[in-house]
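Undergrad: Let the hints inform the model, and build the full structure from the sequences given.
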Amino acid sequence: MSKSKAAFPLVQVPGANFNPGISERTYIAVQAMQSLITSGLYEQIDIPRIAYRYADSMITYNSK
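Taking the working numbering, I'd label the letters of the sequence shown as residues 1 to 64.
Everything labelled a hint here was simulated from the structure, so no lab data went into it.
Using N, Cα and C, we set each Cβ at its ideal position, and we do this for glycine too.
One thing to keep in mind: the hints can contain errors.
Quick list of simulated restraints, FRET-style, between CB atoms [said to hold, decoys possible]: (1) Pro20 to Met58: 31 to 39 Å; (2) Pro20 to Tyr52: 16 to 24 Å; (3) Ala16 to Asn62: 28 to 36 Å; (4) Pro48 to Ala16: 31 to 39 Å; (5) Pro48 to Lys5: 30 to 38 Å; (6) Gly15 to Ile37: 37 to 45 Å; (7) Pro48 to Gly21: 14 to 22 Å; (8) Pro14 to Gly40: 48 to 56 Å; (9) Tyr42 to Val13: 38 to 46 Å; (10) Arg53 to Pro14: 33 to 41 Å; (11) Val13 to Ile50: 37 to 45 Å.
TA: Here's what the structure looks like:
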């Protein structure tokens, strides 16, 4: 997997504190988790692992 990118990148202003925010991978996983939770098909303990697997697949697919 490539270097982690920010989901909402900002231009850094010299001399200002910079917070890159949430990573693209985590942002995608959160969106997937919302669907997995509301579907009711998965155990709660499995949802984060599945969500990050979806995020990794999406990032890999988009990098081609």
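Undergrad: So does tyrosine 42 sit 38 to 46 Å from valine 13, Cβ to Cβ?
TA: With Cβ atoms ~42 Å apart, the hint holds.
Undergrad: Taking the beta carbons of glycine 15 and isoleucine 37, is their distance inside 37 to 45 Å?
TA: The hinted range 37 to 45 Å holds for glycine 15 and isoleucine 37, with Cβ atoms some 42 Å apart.
Undergrad: Could you check the hint for me, namely that proline 48 and lysine 5 are 30 to 38 Å apart, CB to CB?
TA: violated, 20 Å
Undergrad: Does the Cβ distance between alanine 16 and asparagine 62 fall inside 28 to 36 Å?
TA: For asparagine 62 against alanine 16, whose Cβ atoms are near 30 Å apart, the range 28 to 36 Å holds.
Undergrad: Just to be sure I understand the hint, the distance between the Cβ atoms of proline 48 and alanine 16 should be within 31 to 39 Å; is that true here?
TA: holds, 33 Å
Undergrad: Please test the hint of 33 to 41 Å on the beta carbon pair from arginine 53 and proline 14.
TA: holds, 39 Å
Undergrad: Okay, proline 48 versus glycine 21 on CB: inside 14 to 22 Å?
TA: holds, 19 Å
Undergrad: Could one say that the CB atoms of proline 14 and glycine 40 fall in the range 48 to 56 Å?
TA: Cβ of proline 14 to Cβ of glycine 40: about 49 Å, so the range 48 to 56 Å holds.
Undergrad: Take the C-beta atom of valine 13 and the C-beta atom of isoleucine 50, compute their distance, and say whether it sits inside 37 to 45 Å.
TA: Given range 37 to 45 Å: holds, Cβ gap about 38 Å.
Undergrad: In this structure, is the beta-carbon distance linking proline 20 and methionine 58 contained in 31 to 39 Å?
TA: The hinted range 31 to 39 Å is violated for proline 20 and methionine 58, with Cβ atoms some 20 Å apart.
Undergrad: Given the hint of 16 to 24 Å, check if proline 20 and tyrosine 52 actually sit that far apart at their C-beta atoms.
TA: Roughly 19 Å apart at Cβ, these two residues keep to the hinted range, so it holds.
Checked against the numbered hints given earlier, the structure breaks hints 1, 5 and satisfies all the rest.
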